[in-house]
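Here is what each chain is made of, one letter per residue.
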Amino acid sequence: MPESTARTQVPIEDVQHLAWLARLSLTEAEIAKYATDLTNILHHVARLNEVDVSNIEPTAMAVEAEGNVVRPDVPRPSMPQERIIANAADTESGAFRVRAILEESA
Amino acid sequence: MSDLTHLTIEQAAAALRAGETSSVELTQAVLARSEQVEPTIASYILPTPEQALAMAAAADQRLQAGDAPLLCGIPGAIKDLICTEGVQTTAGSRILEGYRPIYDAFVVKQLRAAGYVMTGKANLDEFAMGSSCETSAYHPTRNPFCPDCVPGGSSGGSATAVAADQAFFSLGTDTGGSIRQPASLCGVVGLKPTYGRVSRWGVIAMASSLDQVGPFARTVRDCAAVAECISGRDELDSTSSARLVPDYRAACGRDIKGLRIGVPREYFIDGMEPAVSASVRAAIEQLVSLGAEAVEVSLPHTEYGLSTYYVIMPCEVSANLARFDGIRYGVPKPGETMWDAYSNTRGAGFGAEVKRRIMLGTYALSAGYAEAYYVQAQKVRTLIRDDFAKAFEQVDAIVGPASPTTAFPLGAKLDDPVQMYLSDVFTLPASLAGLPGICIPCGFDEQSKPIGLQLIGRHWEEETLFSLSYAFEQSTPWSLPSNRARITVGGGL
Amino acid sequence: MSIEWKVVVGLEVHTQLLTQSKMFCACPNDYAGAEPNTHVCPICLGAPGMMPVVNAEALRYGIMAALALNCHVPPFSWFERKNYPYPDLVKGFQLTQYKYPIGAEGFIDIETEAGTKPFRVNRVHLEEDTAKNSHLTSFSGEHYSLVDCNRAGVPLMEIVTEPDGRSADEAVAYLRKLRDILIFLGIASGRMEDGAMRLEANISVRTAEEEAQGILRKRCEVKNINSFDVVRQAIEYEIKRHIRAYERGEEVVQATMGWDAENGRTVFQRSKEEAHDYRYFPEPDLPPLRFTEAEVDAIRLTRPELKHEIIVRYESSLGLDRYRAELLAQSRSFSAYFEAALGLFANVDRVANVLLGDFLAQVNDRGLSLDDCALLPVSAADIAELARQWDSGDLTGPQFKQVLPYMFDKGVGVEPAKADLGIRKAEASTLGPVLDEVLAANADAVQKIQSGNTKVMGFLVGQVMKATRGQADPKDVEKLLCGRLGV
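Here the protein sequences come in this chain order: A, B and C.
When the letters of the first sequence are read in order and numbered with the numbering used here, they come out as residues 1 to 106.
When the letters of the second sequence are read in order and numbered with the numbering used here, they come out as residues 107 to 599.
When the letters of the third sequence are read in order and numbered with the numbering used here, they come out as residues 600 to 1086.
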């Protein structure tokens, strides 16, 4: 992120879009507060761009396992249905019930 | 026996085997202690006294039969981020109120197999996001040394349960310092093992590339005993290591003569409380007097640790918390459409700090920004790891403070996220590098609030940390019962 | 003036893999017909604290497919989180090999009118299937949906092509060949009707000049297609729609479309602007995967033979013609069945004729499938024996035609069938009385033959065969008749 962008206020519309992407219903006050917080935090972390990272590989995992970690393709019994749905607020015939899903998944 | 709750795990285990006490008696003692201190300290989201007594009775039977593991019959507290089958696990969040996992976490299975006694589910910052235990959706926890102050976080309740003698040990989790910082603020021993040493299976994820489970205890040997019990390969955690788990208690008492300890110049900065700096320097002197050799080292990218962490962690958080939609578990909220219900559930179920981090991570991963934030942070993470690798060519461990400050008053940093995040400035780099770190008490400030010493080791070299910590502990008064939290019984703090 | 429009089609295929367990947990992978949420564990439920563990066999299948599609297998792969919230996505993200697929830059040769043409494959990657949603309406008229996690975490492989299709025919040829490859590898069922294999087509058109310059116009993606017929219809529909738009001077909006089967047309679902922001990043719960050349070579050497490879072998080493080779290689199981029979009776023509003649007729008449020949009532050993007896004359043609259906009916071998049907070979010496009878009853025919009309001989042989209920050898009968009649 170029410093100039990080120093500018994160626009309210961007915060609203993020809230939609993350599926968080936020009040207007929360939106305003997060716009400020994000601006401040992003300003702080923009320091990362001072660091010369040319020829540096990214680290996604600090300690890697030796060799591939896989499991053999051996099925084991699943859990009983009543345990799988035990924590669900709304079920019907053993399935989870939700408000109508109108569109198709990605 | 005078006060059972002051015993170390090893003393209690000996007393159990000598028939001087029983697990039920030990358990009743810590429960009685909890009854007195809990109204003030509030270590637990859910105390589990009935369960504790039942587990204690079972442990007593096993002890009578002989051949019981060390932790059999020993009361311990579990951070409420760690799943316990059939026992409410909330992660400190409203969204999981009433959630009863259908499985035990690996670490809980290990403790169960050893016959431990669960005293309760300890309070934490919501989803382990915080450094003060104040973001818990249930209640704050207070520092037993100073009830106006925070215990640190996120594993605040786990630290206070041990510090206030409500349990002999506890489990916490450490992502950026969530074991070491509260251990420092509460005057107890806390270990964050090497990334991959302990299975994370059944531990509600915050930032998966950083999270690690570890113990709190009142002494180094107790901490070693619990660490040994919970470590090891778990086929259900692909990042857990198959390396053999050493006898950590055997490392306690090993000669530390000739061990080289690195003192990073970047870990003594402006803004650190003078008492912290003085105590840590005195502790280094003490280690030198015991035969260790102090070497100045440099970890030049330390100043970028916080920024690196506050990009990588929220990115992982934003994905890890996406599953909480109220459909399969959790507390749903109504809405006109499916997406309304979805967003309302999450909007109402998560607290301010959790939402802040989700928003931050969503931003840092979104199209057009990922390269500048996420990928850049991962590259700086490489440099931070390389700093340690270079330092560890010269030294066997790195010493410094665990926290720049002692316990601070409740509310002091709650409205300023960056200030709060700075609490973890000395613990974050080791987390980013996946290194083991231990925090042990090393003194008090002028208000008698504890100060902690942090030791960071090479990957998989927890033993070195235990050797150094134990030598230090045995030659200093900081972990003696007389230096325990002075919260008194029957009012009058 | 009319422009000559050129067609561009790219294809994406999702296929479930036939492993025993799911992609990242040990739940059984055979959820079809199961009660909701009965093939589920905390991992595929996306319960808090759960972590994925990679199924080694799914990885092997991925590499096998990559090799069969002439892809190279990169030395390094790793799963990433594809973030989008949805009720059928239990973790709120899908694990998929995004930046590091398990196979890249391959091709499939397809037959076109202009000859063989390579259809390039861009990538092969592994991921996990989602839960299944169903949509209902309550008595009070309220619409709602149910989510069943049985399918969540089933191993899924995606194969993405370059935009190499120049017609609906080419697209379908590619898809048929791909499906054959996956089925012959034994890693996929290829069943489109129940969603085990799902098709997507990206369609655009352009002018001849644009084609010459390698320019592409806006494309539309038709998703969730479950048959070759529909994919053809959808492609043809989109081609017409695009051309019509351009010829009216309109633009085509880059979009995702669905197929409206009722009206035989595509329908708009969402535009590119509404596309998701998937925020991919490496799955921190899974260490990266590395493959050595030796490991990849071992899979290359042990992978099953593909349909087109079998056809070529049948032509070159068994001397079968292309038509019969293709029929015999129509399913992996049938070709194995054929080869098992051949192993017991090595007469290629006889065995092939038995299988491709009366055998196939029986299979078709009875509505049986060649997908798994182990389920047929007649074994390969029975077929070998049947072919042997027919070849040696132990069974006459008519007897053969009687025995085979009986074997299908009862699921018995050749000898028991013959015994049940009372079939034994009629010896020439025992035919005397029958010949007497037939000759006496057909005096006209006898006269005709004796006056030189030998064509009628066939009729007499037939009468004898009828009288012996087909148990005589027609050649023997003819010989005997000739002797009797002195011709």
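Keep in mind that the hints were calculated from the coordinates and are not lab data.
Among the clues, some could well be false.
As the list claims (entries may be wrong) - These stretches of chain A come out as covered by chain C in the derived footprint (C-beta under 8 Å, 3 or more residues):
{"id": "1", "region": "37-49"}
{"id": "2", "region": "52-65"}
{"id": "3", "region": "69-76"}
Every residue gets a Cβ at the ideal spot worked out from N, C-alpha and C, and that includes glycine.
Hints, one by one, checked against the model:
1. Under a criterion of three residues with beta carbons nearer than 8 Å to beta carbons of chain C, the stated coverage of the region 37-49 of chain A fails, only 0 such residues being counted.
2. Under a criterion of three residues with beta carbons nearer than 8 Å to beta carbons of chain C, the stated coverage of the region 52-65 of chain A is upheld, 4 such residues being counted.
3. Residues of the region 69-76 of chain A lying with their CB closer than 8 Å to a CB of chain C number 8, which satisfies the three-residue condition for coverage.
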